[in-house]
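A.B. asks: Protein chains in written order, with my numbering: chain A, 19 to 295; chain B, 19 to 295.
Take the hints with a grain of salt, since some may be wrong.
Capping the alpha-carbon separation at 25 Å, the derived lysine to aspartate or glutamate pairs in DMTMM-like fashion look like this [claimed, not checked]: (1) A/Lys109 to A/Glu259; (2) A/Lys109 to B/Asp60; (3) B/Lys44 to A/Asp56; (4) A/Lys239 to B/Glu67; (5) B/Lys20 to A/Asp56; (6) B/Lys44 to A/Asp214; (7) A/Lys239 to A/Glu125; (8) A/Lys256 to A/Glu207; (9) B/Lys85 to A/Glu125; (10) B/Lys20 to A/Asp84; (11) B/Lys85 to A/Glu165; (12) B/Lys239 to B/Asp255; (13) A/Lys109 to B/Glu65; (14) B/Lys256 to B/Glu172; (15) B/Lys85 to B/Glu171; (16) B/Lys256 to B/Asp287; (17) B/Lys109 to A/Glu65; (18) A/Lys239 to A/Glu165; (19) A/Lys85 to A/Glu171; (20) B/Lys256 to B/Glu115.
Here chain A is said to cover these stretches of chain B; the calculated rule only asks that three of the stretch's residues, wherever they fall, bring their Cβ under 8 Å from a Cβ of chain A [what the hints assert, rightly or not]: (21) 20–32; (22) 62–76; (23) 97–109; (24) 172–184; (25) 253–260; (26) 265–273.
Quick caveat, the hints were computed from the structure, so don't treat them as lab data. Since we're looking at a predicted model, the values are computed, not measured. Backbone N, C-alpha and C define an ideal beta-carbon position, used for all residues, glycine too.
2 protein chains.
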Amino acid sequence: MKNVDQNTITQAVLERMGDMPDARLKTILTSLVHHLHDFARDVTLSEEEWMHAIQFLTRTGQKCDDKRQEFILLSDVLGLSMLTVAMNNQKPPGCTEATVFGPFFVEDAPIVPLGGDVAQGAPGQPCTVSGRVVGSHGQAVAHAQLEVWQADEEGFYDVQRPELHALQARARLQADSEGRFHFNTIVAEAYPIPTDGPVGELLRATGRHPWRPAHLHFMIKAPGFETLITHVFRNGDKYLESDAVFGVRESLIADWVKQPDGNTQLHFDFVLNESHD
Amino acid sequence: MKNVDQNTITQAVLERMGDMPDARLKTILTSLVHHLHDFARDVTLSEEEWMHAIQFLTRTGQKCDDKRQEFILLSDVLGLSMLTVAMNNQKPPGCTEATVFGPFFVEDAPIVPLGGDVAQGAPGQPCTVSGRVVGSHGQAVAHAQLEVWQADEEGFYDVQRPELHALQARARLQADSEGRFHFNTIVAEAYPIPTDGPVGELLRATGRHPWRPAHLHFMIKAPGFETLITHVFRNGDKYLESDAVFGVRESLIADWVKQPDGNTQLHFDFVLNESHD
Chain A
19 MKNVDQNTIT QAVLERMGDM PDARLKTILT SLVHHLHDFA RDVTLSEEEW
69 MHAIQFLTRT GQKCDDKRQE FILLSDVLGL SMLTVAMNNQ KPPGCTEATV
119 FGPFFVEDAP IVPLGGDVAQ GAPGQPCTVS GRVVGSHGQA VAHAQLEVWQ
169 ADEEGFYDVQ RPELHALQAR ARLQADSEGR FHFNTIVAEA YPIPTDGPVG
219 ELLRATGRHP WRPAHLHFMI KAPGFETLIT HVFRNGDKYL ESDAVFGVRE
269 SLIADWVKQP DGNTQLHFDF VLNESHD
Chain B
19 MKNVDQNTIT QAVLERMGDM PDARLKTILT SLVHHLHDFA RDVTLSEEEW
69 MHAIQFLTRT GQKCDDKRQE FILLSDVLGL SMLTVAMNNQ KPPGCTEATV
119 FGPFFVEDAP IVPLGGDVAQ GAPGQPCTVS GRVVGSHGQA VAHAQLEVWQ
169 ADEEGFYDVQ RPELHALQAR ARLQADSEGR FHFNTIVAEA YPIPTDGPVG
219 ELLRATGRHP WRPAHLHFMI KAPGFETLIT HVFRNGDKYL ESDAVFGVRE
269 SLIADWVKQP DGNTQLHFDF VLNESHD
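Bound conformation, chain A alone (with noise of 0.2 Å):
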C-alpha cells in the first residue's frame, strides 16, 4: 500500500491488521484507529499540534512513578474513567454505586482492626466512621475485606508527601461476622487534585478548577460479591456539583456529623451486587 492520503491511510491501518488472532484486540483496535483518525481530520490537526500532543503524552508518562498515575488522573479529569466506571457496574436497585478509582491507591495499606487508628498520623480532625457490609438482600457479609484511603486536611494523600516514609491514612481492615466495621480517622477535606504535571496543564488551558468534594475511598471485596470500588462523600461540600473527575453520585452522599465532643462521626452502610460468575 502506497500513496496512501489522508483518507484512505484509515482503510490501510486496518487492513494491516487482518491477521490478528485476538478478536477482543481486533474489536477494540479498530474502532480506535477509527475514531483517531476522525478525530485527527475533524480538527485537521496541525503538524505543530500533532507534536505538541507527542510531547504532552510523553511527560504525562513520564511523571508516573510508583506514586503518581498522571494517565490515570488524565483519564478522570477528561470523563474517561467514570464513563467507563458507569457502563461496567450497572448494578441492581439498592446496590451501593461505583465512582472512580482514581490514582491515589497503593496496595499492601496496613492492616488495622476493628476500632483501630487510620489516620497513623496524619493531620486532621477526628473522625469516627462506621457502617456494616450487606447483599443486596440485607444479608450480612460476613468478614468483607474493605480497603480504605483518603487525603488529610491539606489536602493531600501520604503518597503525595515526599518526606513522609510511612503510609497514612490509608489501611485494610475485616469486617466482623455480621458485617459490620468501625474504625477511627480524620475528617476527609476537598483538595485539588495535582496540578503540577500536564494535567494541571490541561486544567489551566481549560479554565477549571482542580478541585475534588471531600470523600473517602473504599474498595470492597467479598467472595461471592462483586468488588466494589467507591467513594463516600461529604454532605455540604462546596465542590459536589463540580468535581473535577465526575465522581459524585448523589446516592454516596453523606451526613458526617460533629459531636458535641468535637469528634466526627460518618455512618455508611455498603450494599454490595452479588457476583454471577
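Since chain A is already given, all that's left is putting chain B on it; use the hints.
C.D. replies: The following block gives chain B in isolation, referenced to the frame of chain A:
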C-alpha cells in the same frame, strides 16, 4: 453535575470546558472528548481493558528519552503521523511530497561540507548522494539547508547504539548557490522499527511486521519556502508495499545504482513549495 451516566458524561465534560479562552484548543478538545467517549462506548471498554490502556500509555511515555520517542513510533504505526503529514502537506503538482518525520531526528547534527562524509564510521556499503533543490518553477534554491539522517547496514540509527558516543550517518549540509548538493554516505538498508518497547508489543499482538523499506531522511529548509520533511526510498525494496508506518510515496522511490567500482550512486532532486506566509 452529579449522577452522570455513560451517556450524559460527555456533555458534562464539555460544559466544564465552557469558559476556555483558547478557541482552537476548545475545538480540539471538544472533538477529542467526543471521539474518546464514543470509542469507549462503541467497544464497551471494560475496567480491565481501561487499566491495560493506562499501563500501556504509561510504559510508552517512560520508554521515551533524549534518544527514543516511543509516542511518535506509536503514532507512526497507527497511521496518525502519515495522516497528519498528508493533511498538512498538500502541495502543488511537481513539488516533492512529504512523509513522516520518524522518531530518530537529532538536533545539532554534525555540519558536513558538500562532498564530505556523512557516514562518520557507520557500517555499510559506500554510497554517493547528489541532487539539487529547486522551487516549484525550477529556480535554484541557493544555500538550502539539508538535514539528512539514516540507518546503517545493520538497521540501526546511531542513537540506537548505546555503546556509541558520537553521531553517525546524520549531518547538516548546505546546498551551493545553484541549490546543488552531494555527499558520501553508506547505502541505506531496510530495518525494523524498535520492537523492545510497547509499540513492539502492539505489533506482535496485531500480527504486524516492524519493517520499513530502506530510505534516507531529509529535512530541507530555505527562506521563502515551506520546510520539506521527506524520505527518498530505495527502489526494489521488498517492504515498499508494507511499510510499518505507511510512509511510502511512489514519487519518493529512486534507483540506487550500483557502479562498476562498487560504489552506489543516488541522484534525487527536491522541489520545494514557495511559502505563502
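A.B. asks: None of the hints should be skipped; say for each whether it holds.
C.D. replies: Right, here's what the structure says about each hint:
no.: 1; hint: A/Lys109 to A/Glu259; verdict: holds, 23 Å
no.: 2; hint: A/Lys109 to B/Asp60; verdict: holds, 20 Å
no.: 3; hint: B/Lys44 to A/Asp56; verdict: holds, 17 Å
no.: 4; hint: A/Lys239 to B/Glu67; verdict: holds, 20 Å
no.: 5; hint: B/Lys20 to A/Asp56; verdict: violated, 30 Å
no.: 6; hint: B/Lys44 to A/Asp214; verdict: holds, 22 Å
no.: 7; hint: A/Lys239 to A/Glu125; verdict: holds, 14 Å
no.: 8; hint: A/Lys256 to A/Glu207; verdict: holds, 11 Å
no.: 9; hint: B/Lys85 to A/Glu125; verdict: violated, 33 Å
no.: 10; hint: B/Lys20 to A/Asp84; verdict: violated, 31 Å
no.: 11; hint: B/Lys85 to A/Glu165; verdict: violated, 41 Å
no.: 12; hint: B/Lys239 to B/Asp255; verdict: violated, 28 Å
no.: 13; hint: A/Lys109 to B/Glu65; verdict: holds, 15 Å
no.: 14; hint: B/Lys256 to B/Glu172; verdict: holds, 16 Å
no.: 15; hint: B/Lys85 to B/Glu171; verdict: holds, 20 Å
no.: 16; hint: B/Lys256 to B/Asp287; verdict: holds, 24 Å
no.: 17; hint: B/Lys109 to A/Glu65; verdict: holds, 15 Å
no.: 18; hint: A/Lys239 to A/Glu165; verdict: holds, 9 Å
no.: 19; hint: A/Lys85 to A/Glu171; verdict: holds, 20 Å
no.: 20; hint: B/Lys256 to B/Glu115; verdict: holds, 21 Å
no.: 21; hint: 20–32; verdict: holds (count 9)
no.: 22; hint: 62–76; verdict: holds (count 9)
no.: 23; hint: 97–109; verdict: holds (count 10)
no.: 24; hint: 172–184; verdict: violated (count 0)
no.: 25; hint: 253–260; verdict: holds (count 3)
no.: 26; hint: 265–273; verdict: holds (count 3)
Of the numbered hints given earlier, the model fails hints 5, 9, 10, 11, 12, 24; all others are met.
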